[in-house]
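Given these sequences and hints, build the entire structure.
Heads up: the sequence lines are chains A and B, in that order.
Going by full-length UniProt numbering, the first residue of the first sequence is number 1, and it counts up by one from there.
Going by full-length UniProt numbering, the first residue of the second sequence is number 1, and it counts up by one from there.
By construction, these hints were calculated from the structure, which means they are not laboratory data.
Don't take each hint at face value.
Since copy identity is lost for identical chains, a pair holds within one copy or between any two.
Said to hold, decoys possible - Once the Cα atoms are required to be at most 30 Å apart in a straight line, the calculated DSS-like pairs of lysine-lysine come out as:
no.: 1; residue 1: Lys228; residue 2: Lys88
no.: 2; residue 1: Lys142; residue 2: Lys33
no.: 3; residue 1: Lys25; residue 2: Lys142
no.: 4; residue 1: Lys138; residue 2: Lys192
no.: 5; residue 1: Lys88; residue 2: Lys192
no.: 6; residue 1: Lys142; residue 2: Lys65
no.: 7; residue 1: Lys128; residue 2: Lys138
no.: 8; residue 1: Lys65; residue 2: Lys33
no.: 9; residue 1: Lys91; residue 2: Lys74
no.: 10; residue 1: Lys65; residue 2: Lys228
no.: 11; residue 1: Lys142; residue 2: Lys90
no.: 12; residue 1: Lys128; residue 2: Lys33
no.: 13; residue 1: Lys25; residue 2: Lys192
no.: 14; residue 1: Lys142; residue 2: Lys88
no.: 15; residue 1: Lys91; residue 2: Lys127
no.: 16; residue 1: Lys138; residue 2: Lys127
no.: 17; residue 1: Lys192; residue 2: Lys142
no.: 18; residue 1: Lys74; residue 2: Lys127
no.: 19; residue 1: Lys228; residue 2: Lys33
2 protein chains.
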Amino acid sequence: MQGVPPLQLRIKNNLCDLLRINTDKGCVINDGKSRFSINGQPIYHFLGTSTFSEFTVIHVGHVAKINPAAPLDKVCVLSFGATVNVAKPKKGHSVAIFGPDAIGLTVSGALRIIGVDLNSSRFEEAKKYGVTEFVNPKDHDKPVQQGEMTNGGVDCSVECTGSIQAMISAFECAHDGVAVLVGVSSRDVAFKTNPVDFLNERNLNGTFFGNNRPRTDIPNFVEQYMNKELELKRLEKLITHSVPFSGSTKHSSTCCLARV
Amino acid sequence: MQGVPPLQLRIKNNLCDLLRINTDKGCVINDGKSRFSINGQPIYHFLGTSTFSEFTVIHVGHVAKINPAAPLDKVCVLSFGATVNVAKPKKGHSVAIFGPDAIGLTVSGALRIIGVDLNSSRFEEAKKYGVTEFVNPKDHDKPVQQGEMTNGGVDCSVECTGSIQAMISAFECAHDGVAVLVGVSSRDVAFKTNPVDFLNERNLNGTFFGNNRPRTDIPNFVEQYMNKELELKRLEKLITHSVPFSGSTKHSSTCCLARV
Numbered sequence: 001m002q003g004v005p006p007l008q009l010r011i012k013n014n015l016c017d018l019l020r021i022n023t024d025k026g027c028v029i030n031d032g033k034s035r036f037s038i039n040g041q042p043i044y045h046f047l048g049t050s051t052f053s054e055f056t057v058i059h060v061g062h063v064a065k066i067n068p069a070a071p072l073d074k075v076c077v078l079s080f081g082a083t084v085n086v087a088k089p090k091k092g093h094s095v096a097i098f099g100p101d102a103i104g105l106t107v108s109g110a111l112r113i114i115g116v117d118l119n120s121s122r123f124e125e126a127k128k129y130g131v132t133e134f135v136n137p138k139d140h141d142k143p144v145q146q147g148e149m150t151n152g153g154v155d156c157s158v159e160c161t162g163s164i165q166a167m168i169s170a171f172e173c174a175h176d177g178v179a180v181l182v183g184v185s186s187r188d189v190a191f192k193t194n195p196v197d198f199l200n201e202r203n204l205n206g207t208f209f210g211n212n213r214p215r216t217d218i219p220n221f222v223e224q225y226m227n228k229e230l231e232l233k234r235l236e237k238l239i240t241h242s243v244p245f246s247g248s249t250k251h252s253s254t255c256c257l258a259r260v
Numbered sequence: 001m002q003g004v005p006p007l008q009l010r011i012k013n014n015l016c017d018l019l020r021i022n023t024d025k026g027c028v029i030n031d032g033k034s035r036f037s038i039n040g041q042p043i044y045h046f047l048g049t050s051t052f053s054e055f056t057v058i059h060v061g062h063v064a065k066i067n068p069a070a071p072l073d074k075v076c077v078l079s080f081g082a083t084v085n086v087a088k089p090k091k092g093h094s095v096a097i098f099g100p101d102a103i104g105l106t107v108s109g110a111l112r113i114i115g116v117d118l119n120s121s122r123f124e125e126a127k128k129y130g131v132t133e134f135v136n137p138k139d140h141d142k143p144v145q146q147g148e149m150t151n152g153g154v155d156c157s158v159e160c161t162g163s164i165q166a167m168i169s170a171f172e173c174a175h176d177g178v179a180v181l182v183g184v185s186s187r188d189v190a191f192k193t194n195p196v197d198f199l200n201e202r203n204l205n206g207t208f209f210g211n212n213r214p215r216t217d218i219p220n221f222v223e224q225y226m227n228k229e230l231e232l233k234r235l236e237k238l239i240t241h242s243v244p245f246s247g248s249t250k251h252s253s254t255c256c257l258a259r260v
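Shown next as C-alpha cells:
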C-alpha cells in the first residue's frame, strides 16, 4: 500500500531487514556470509557482532562512528539498555535478575534486586553492584517462581542466561509485571506457556542490544560521557576482568563484565 | 521484607489477590464460590464478571459506583482499553485486529487497520468502523503472518478471539512490534514459540479488561462522558445489536457489540 514504509525503512529500531543479521546462521543477511575466518573456515557472528577484530570490512550499517577522543577502554562498556529501556523498574519496585551480569545490574532505584544464579560464587561479587538478595535454584525443591520470597511475584524480571528454564521462571515470577528476555537461546528449544498466564496484564518483552539504536545512540552516549552528562562509574565498577586480545576466548565463571 | 507491599496491596492494576477471580474455576477467590445459580446449580463467572443480573450480593471490590444520572444504555459500552492502553498504536501505524470486534476497533489514527476473521460476513460491517483491509485465513494457503500484505509485519496486533492459532499468528505478525492478547483461551492449550522470536524487540502483552482499573477508571470515564470530555460516538456506533435481558444468551454471528 502506498505510503507505508516497509520494515527496512522504518526507524523504530535498529533491526532493519537490509542490514539485519541472520540469527540462525550467524551471517549478514545481505550476502549470507560472515566477515571473519580462520584457516579458511568461516567464523560466524554471534548476534551479528563478534567484533573482536582490529581490522575488518563490514557494511556501513554496522558501523557507529564515535568521538575519536573517547577512551575506548571506558566507552566499550556502553551496552546497557535491557533493564533501563525495556524493564523500566520504578523506585520501590522489586526486580529479579536471572544471571546477574552487567546487563541486568544496570538497575537503579529498585527496592529489591534479587539475583538468581546457579553459581553461588557470583553472589558476593554481585552484592557490590546492588543485588540485595540471592536465590540459587539448586537450593530449592520448587521452581524459583513458586518460592515465597516475593509474596506474589516481582515487578520486573530480566533473563540474561539464554536458558529456557530461566526464561520460563522469569516470565512466571513477573506475576503482573514485565519480563525481559535478553539471553539468546538455541533454535531447538520452545518457550511454552498457557495464554491464560498473560491475562494478569503480564508482559513478555524481547530485546536486542537493549533496544538501543547503535548507529545513533552509541555516538550520543559517548558524547554524553565526554560531556560528563553520563555517569559511567556504576557501569565501570561492573568490569571485573580486563583481558588482552589474545586471551579473549577464555573467561572466568565469576566474570561479570570483561573488557577486551 | 519490611516495606514491600504484597501483591494484594499494590495499586498497579485491578488484579489484587484478595478480590481476584479464579479464571480456572469461574469463582471468586475469597470464598471459592460463584454468585449466581439456576435451579440450585451454580452459574460460573466468566472472567469474574458475567453480571447480567439486576440484583445480586457481591464483594465491595467488585462494585464501581457511577454517577446515577448517567444513561446506562450509553455508558455500558465503556469497556475499551486493550488497544488504547496496551497496543498504543501511533499515527501512521499498521494494526491487525484478529476478531475485529468492539475491543479491537477502538483504534484511531492508524494508517492501516487490518481485520482478520474466519467469518467474511463481518467484513462489510467492520469497514464502517475503520477497518481498511480484510484477511480471511481460510482464503490463504499460508498462515496470515506469512502473507505479503504487511511487507515485514504490522506495528501492533490485537487478538480478540481466544483461538490459540490466532494468538500465535498475532504474535508472529507483530514482527518488531506489540502483540496484545485479549481473548481468553482454554486452560488446555499451550502458546508455544521459540524464544529467539522475541529478540526482534517483539513484545507480547496480556491484558485484563484493557488494563483499566474498574473501581476508579469506570466512574472517571462516566464523569468524563457526562462532562462531554469523552467522545463515545465512535464506540456507540459499534453497538450493532440491542437485545432484551431475556434474550441475552442468543447472539448473531455478525454481532460487533451488543448491549443488554
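Intra- versus inter-subunit Cα pairing at 30 Å for Lys142 with Lys90: within (28 Å within a copy, 43 Å between copies)
Up to 30 Å CA-CA - Lys142 versus Lys25, copy category: This pair counts as between: shortest inter-copy Cα distance 24 Å, intra-copy 36 Å.
One pair to classify: Lys228 and Lys33, alpha carbons no more than 30 Å apart. Within, between, both, or neither? neither (40 Å within a copy, 60 Å between copies)
Homo-oligomer pair classification [Lys192, Lys138; C-alpha up to 30 Å]: Both: 22 Å inside a chain and 26 Å across chains, each within 30 Å.
Lys128 and Lys33: within-copy, between-copy, both or neither at 30 Å Cα: neither (42 Å within a copy, 49 Å between copies)
Lys91 and Lys127: within-copy, between-copy, both or neither at 30 Å Cα: within (19 Å within a copy, 45 Å between copies)
At most 30 Å between CA atoms: does that hold for Lys142 and Lys88 within a copy, between copies, both, or neither? Answer is within; shortest intra-copy Cα gap is 28 Å, inter-copy 37 Å.
When no copy is named, should Lys25 and Lys192 be tagged within, between, both, or neither for a Cα gap of at most 30 Å? Answer is both: 24 Å inside a copy and 22 Å across each meet the 30 Å cutoff.
Are the CA atoms of Lys142 and Lys65 at most 30 Å apart within a copy, between copies, both, or neither? Neither, since 49 Å and 42 Å both go past 30 Å.
Intra- versus inter-copy proximity for Lys228 and Lys65 (alpha-carbon distance at most 30 Å): So Lys65 and Lys228 pass the 30 Å test inside one copy only (19 Å; across, 53 Å).
If the cut is 30 Å between Cα atoms, do Lys138 and Lys127 qualify within a copy, between copies, both or neither? Within one copy, since 19 Å is at most 30 Å while 56 Å is not.
Using 30 Å as the alpha carbon limit, work out where Lys192 and Lys142 are close: within a copy, between copies, both or neither. For Lys192 and Lys142, both the intra-copy (19 Å) and inter-copy (23 Å) Cα distances are at most 30 Å.
In the structure shown, a violation is registered for the earlier hints numbered 6, 12, 19, in ascending order.
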